[in-house]
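K.L.:
Going down the list, the sequences are from chains U and B.
Numbering-wise (the numbering used here), the first sequence opens with residue 1130 and increments by one.
Numbering-wise (the numbering used here), the second sequence opens with residue 59 and increments by one.
Simulated from the structure, these hints should not be mistaken for laboratory data.
Misleading hints may appear alongside valid ones.
As the list claims (entries may be wrong) - Covered by chain U, per the in silico footprint, the following chain B stretches (three or more residues, Cβ under 8 Å):
id : region
1  : 73-86
2  : 161-169
3  : 304-316
4  : 326-332
Keep in mind that this is a model prediction, so the values were computed, not measured.
Heads up, the beta-carbon is just placed ideally off N, CA and C, and yes, glycines get one too.
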Amino acid sequence: MTNGSTRPSPDMNAKPSLIARGWPHLILLPVCAVLMMPIAWLIIAAFKTNADFFATLFFPVDANGVLDLGRLTTASFGRLFGRESFHRAFFNSVFLSSALAAIGTLGAAAGGYALARLRFHGSTPVTILVLGLLVIPPPLLLAPTYELMHNLGLLDNYLAVILPGLAPAFAVFLFRQSTMQSVPKELIEASRIDGLGEIGIFANVALPLLRPMIGAMMLVMFLGMWNNFIGPQVFLHSPEKMPLAVAVANLKGTYYTEYGLQMAATLLAVAPVLILFLLLQRDFVSGLASGAVKG
Amino acid sequence: MTTPTARARERRAAWILLTPFLLTTAVFVAYPLYRSITLALSQTYGVGAETFVGTLNFRSALTDPVFWIAIRNTAVFTLGSLLVQLPIALGLAMLLNRPGLRGRAFYRLIIFMPQLVGLVFAAIIGSVFFAKQTGIINQILNTMIGLSLDFAWLEQHIPATLILIALWLYVGFNMIYFLAALQAVDRSLVEAALVDGAGPVARFINVIVPAIRPVLTFVVLLSFIGSMQLFELPYILLNNGPGPQNGGLTIVMYLYQQGFETGNLGMASAVGWMLGIALMGAAAIQIHLARREARDQ
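Between the sequences and the hints, there should be enough to build the whole structure, so can you do that?
P.N.:
Below, the structure written as structure tokens:
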């Protein structure tokens, strides 16, 4: 370990050697290749026929072992789109995830803002309540919530999946932190002098300033619901109400030898999330990390 | 009629803005939490039929060898995940934190991406990847190191399979936290250690680790809590069940089986409480460490 002294310092102009600068890439590039491999494989596998599926690891080849992209096919997608149940599962996922992300983020932002910037008796106890809720593991509430939904007549109703997820404590906490950082007290005072109501200040002054955290939280909640399996599995019964996470897992059980079909369904389930993330990733990664370090 | 003062308006607005949170919490957290206690102390047969039995549910779970299999599997996964995943995540974060590294944003994006696939879909891909004979993992390892094509990841080596899939999914998630912490480390501390002639190992142990310790304990706690609640990954990977010889049975899967396959909501609540106490204990230790840290500084 003698290369420690060659470590470049940002203040020095001396150019370190190519090897000193380049060696991290010799680790990072293979790591990225390994991490991306399953996703690349999934994309190719979704376009392979069942006959080709296990014949090669990645792209299909013809009888002479030569790469043959002509063997790729969209047949599996055609079959999936031909199935009413798959359409429905897709839209169920979009609906559940968007509804929860939109309403949940707004509810959490309102609560977090109130805890960070409004003076009222109860501010401290409610903050302690928020922190206390963070340590309750969701599986603990699974059985009593099932009973509650049964008693409310909400089993097999989307409300059973959405309602418990509204205004979750972790999001309220992160919005509290983010309000303290990015919504100055002076600005709120000035808005009061301008005659804006309290709710108006939250909606028109604070919310725009919280935009990065709103983006991050919407994505976190969208993802959480998109990948939620145990909630729909326990609280919903009708196959036509199931979101993709349950529907694709069931497809795996029913069509267990049709790998092309399974992988096409998996790709269609994963692709929207990957695309959404690539569009919003700036907000997402910075928002996620800021809460961690300051908290 | 009196006009409310500015202070009263502020107070009222606070409660209005907190209503969605407080209402949801009261109905869907506080009440179920209370009910989970009474349920845990009852014998139940589906919804509605129950008799008080004291600690019977706890005792019968703790004397059920299958529950102990679930505890063992969960513990092996949690420990393995922490020991494999966190050092790799920290190492990657340190590489990405090197000054002047090109392509940092690109690497960060790529390493983070698998997490978006989610446990359910990762499990579906994993069941094909880790299959005997045809699975890509055995094909590659067979070519590279001569591993038998019949190596039974999904039968005899389930914990290893789960740890590898979780590594793929979450190493980037943990790396983001470590990277944020490393970026907040005062450069002058590192430079000073460099001037004092501290080698890379000494700098790591004496400067970097103390500086990022709060985030380190936070990430350990987060990973511990997440790993202890493992359910979807083995359940779907092993075709909606615990796998051969319960090799993929976890504590939450045991809870699920008891509550929703057997219909014993009391037993499910008792198992939930045992898990909850373990996790709250871990959180209490973390809070204690964080407090001591704050006091020492």
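K.L.:
Each hint: holds or not?
P.N.:
For each hint, the structure was consulted:
For the region 73-86 of chain B, the assignment as covered by chain U holds, since 11 residues bring a beta-carbon within under 8 Å of that chain's beta-carbons and 3 suffice. Closer than 8 Å: that is the beta-carbon criterion, and the region 161-169 of chain B has 6 residues meeting it against chain U, so the requirement of 3 holds. With a threshold of 8 Å between beta carbons, the proposed coverage of the region 304-316 of chain B by chain U holds, since 3 of its residues qualify and at least three are required. Evaluation of the coverage hint for the region 326-332 of chain B: fulfilled, as 4 residues show C-beta separations to chain U shorter than 8 Å, against a requirement of three.
Of the numbered hints stated above, none is contradicted by the structure.
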